[in-house]
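Chains as they are written, first to last, in numbering that gives the first Met the number 0: chain Y, 0 to 213; chain W, 0 to 213; chain D, 0 to 213; chain Z, 0 to 213.
Mixed in with the good hints, there may be bad ones.
The list treats identical chains as one, so a pair stands whether inside a single copy or across any two.
Distance condition first, Cα-Cα at most 20 Å in a straight line; then the derived SDA-like pairs of lysine to any residue [what the hints assert, rightly or not]: (1) Lys-61 - Val-38; (2) Lys-155 - Glu-107; (3) Lys-177 - Gly-129; (4) Lys-126 - Pro-183; (5) Lys-155 - Ala-106; (6) Lys-157 - Pro-109.
Honestly, the hints are just simulated from the structure, not real lab data. All of these numbers come straight from a predicted model, not from anything done at the bench.
Listed here are the chains, written in short residue letters.
Protein chains: 4
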Amino acid sequence: MHTILLTGFEPFGGEQSNPSWLAVQQLDGYQLDDEVQIVSRQLSCVFEKSQQELKTAIAELKPVLVLALGQAGGRTELCFEKVAINFIDARIADNAGQQPVGAPVVAEGPAAYFTTLPIKAMVNRLKQQGIPAAVSYTAGTYVCNTVFYAMMHQLKDKPKVRAGFLHIPYAPEQAIGKAVTSMPVDMVVRALKLCLPVALQSSEDLQIVAGTLD
Amino acid sequence: MHTILLTGFEPFGGEQSNPSWLAVQQLDGYQLDDEVQIVSRQLSCVFEKSQQELKTAIAELKPVLVLALGQAGGRTELCFEKVAINFIDARIADNAGQQPVGAPVVAEGPAAYFTTLPIKAMVNRLKQQGIPAAVSYTAGTYVCNTVFYAMMHQLKDKPKVRAGFLHIPYAPEQAIGKAVTSMPVDMVVRALKLCLPVALQSSEDLQIVAGTLD
Amino acid sequence: MHTILLTGFEPFGGEQSNPSWLAVQQLDGYQLDDEVQIVSRQLSCVFEKSQQELKTAIAELKPVLVLALGQAGGRTELCFEKVAINFIDARIADNAGQQPVGAPVVAEGPAAYFTTLPIKAMVNRLKQQGIPAAVSYTAGTYVCNTVFYAMMHQLKDKPKVRAGFLHIPYAPEQAIGKAVTSMPVDMVVRALKLCLPVALQSSEDLQIVAGTLD
Amino acid sequence: MHTILLTGFEPFGGEQSNPSWLAVQQLDGYQLDDEVQIVSRQLSCVFEKSQQELKTAIAELKPVLVLALGQAGGRTELCFEKVAINFIDARIADNAGQQPVGAPVVAEGPAAYFTTLPIKAMVNRLKQQGIPAAVSYTAGTYVCNTVFYAMMHQLKDKPKVRAGFLHIPYAPEQAIGKAVTSMPVDMVVRALKLCLPVALQSSEDLQIVAGTLD
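Put together the whole structure using the sequences plus the hints.
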């Protein structure tokens, strides 16, 4: 039996819940097929601790694929991140009160890592099934990007373990009064069931356009 | 048995479906309680014809309440319209190829009518249940506003029949590649079941803030 | 000599300045041609007082044309308002601490008034000169709409006095850190010089499209 | 005499002009002080050719500082780019009809380079002077990012030459009918005069927050 590790974050920024955890929590123990099972873990919204939690989970579970999820309030689609950058700039303090500014995730690490998931193929699959999705070229400079970068750095010598990051919109109840997009958690769960098999099939991505002009 | 009339539009503007009809269609024949039943009708996206269709349906069904729904691509919430204006300005032709510009809905009619639904109370109910909703102060200048104005004009001497208009976001499958908000049709259906009983209870609206600065 | 009355508001909502006043202030005393002079007045951002100030200015100056300006943070264009509604719903208190909710501007007044300015022609002139402008179908429910409605109500029996309302974006210094559009005050001043002669020429508007779908 | 090289692009995507060139063109030959002069060059909006043009200009002029500018329609602020990524994904063909998809800028190059300009300090200077500006964490995947990456790759062993990329909003005449932000070209020129001295002073950046959550 192979393992897919999904992670979601605890709430932050004054929110009561975090849709990334609400979604992946529903898939803990879910069998994608006879050979692949999902394990879900919650990460703290804390710069140092979240990296350690993810590192421990990967060491323990030896997953063939890791997809970390995070909430991105204001996004209108499921956003599969292309690039993790070696840069932290916290606009608000994390849940432990730390607010690093202008710091690297890994001292002396490279400027960036690309995801090793076939994200265009995953996006394509979701769009075919009526679920708004896109490739994103920035994961921000907060805990999400930090966890993404730390994960790719940890796995840099293990090319067989595919890994990436998915930003998801607010859940509807979070969007009340904010006049921003939301997506029901059930739709995120359905999306994960649809795109994870695509991610397992191949690391080769589709040669279709998913770029932005600026 | 009392009747609530719900209307939705046929597709327009190159879309394959219209979520306003997909939603109300599911509620045709639905009994809200022992005394109130919903009847759903589709309206053409044609300036003259849609007004006639609605007029005929109201004359035939003698509803106690009418809520017309329309698609508003780009909106992030369920938008209950406050005001219908006596003005048509079609940015695109309707489904019969007509494109009136700078014309009144009703010659010599008043500049505007306000909805007679307790829309703040309806919005409030939805927000309490985790569904993004708001009061809107413009229904545009296309077929939606035209139907809304014609309906309020028809009912102006029948104060017991409450009436209004609800703009809804794109369905998710319509939002693909547009980078705009969407809302699943099932959530719209759930919202209607929650807010229609509020609309039946009283025409007195809540004294809570729902304004915009500009 | 004929008079055009321009009004702008004092700052509100925690802002240090109001671009509507910064713009019209520059045009106080400006002669549009041999026969027409501009007089500019500042209005308080207070529901009752602003109406009284405008009423007094109109009675005193007997203008042939009145254009009231207001700040609309977040708008991307100069927005000429089509319709003033008889409805107040203050999201924040005005500068005198009053916050009316769900109230009419004029008890027993009609639901709405349309502007009597040829706003499509004015918008058209600005776009030809490279200045972003559009017709808007909601002036909100705060002091701006209230002043607009009260003005049209005061002038309803004086069809020779054309009147309307123009919402303008933030000035650049207000937009700092808000990630919203701004427009330099000098561009607003230039726009007024370009579109006021159009407004004087005729009350007949152009038959061009300026509508919105929803 | 030291040289600052500014570049702007030719028009693309059906536009008649490109504000990046309109702005830097005005500064060609401008002396920032007794020791520093600006030289401005136009780049083609063509993937290969633009890189070659920039390489030639740098070799010829031996600038102490290079700032490449590009148009970013829809942005609301002057956006100083933090990171250039080794990835091309052209949503539209370039001006030579080429549309590379999923390709590296430099085969075997690192995933990304960071700018060597003190961009927080530059942004800070502009905000203090009332000009909307921000740090951006994605330069897209089109010609702008490609030129930015190629430039940083060329200069990677010349740490004394500071270099970076600035995305600017549409000019007002481009924004007509698009309902998006614009910024007058004169304001961009004024911004460059204000922030280039800051860039010359030090490569050490300020330790102030300029991050994004996602």
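Right, here's what the structure says about each hint:
1. Lys-61 - Val-38: This pair counts as within: shortest intra-copy Cα distance 11 Å, inter-copy 56 Å.
2. Lys-155 - Glu-107: both (14 Å within a copy, 16 Å between copies)
3. Lys-177 - Gly-129: Close across copies (12 Å), not inside one copy (25 Å); limit 20 Å.
4. Lys-126 - Pro-183: Answer is both; intra-copy 16 Å and inter-copy 15 Å each pass.
5. Lys-155 - Ala-106: For Lys-155 and Ala-106, the Cα distance is within 20 Å both inside one copy (15 Å) and across copies (18 Å).
6. Lys-157 - Pro-109: For Lys-157 and Pro-109, both the intra-copy (17 Å) and inter-copy (18 Å) Cα distances are at most 20 Å.
Every hint from the earlier list agrees with this structure, and none is contradicted.
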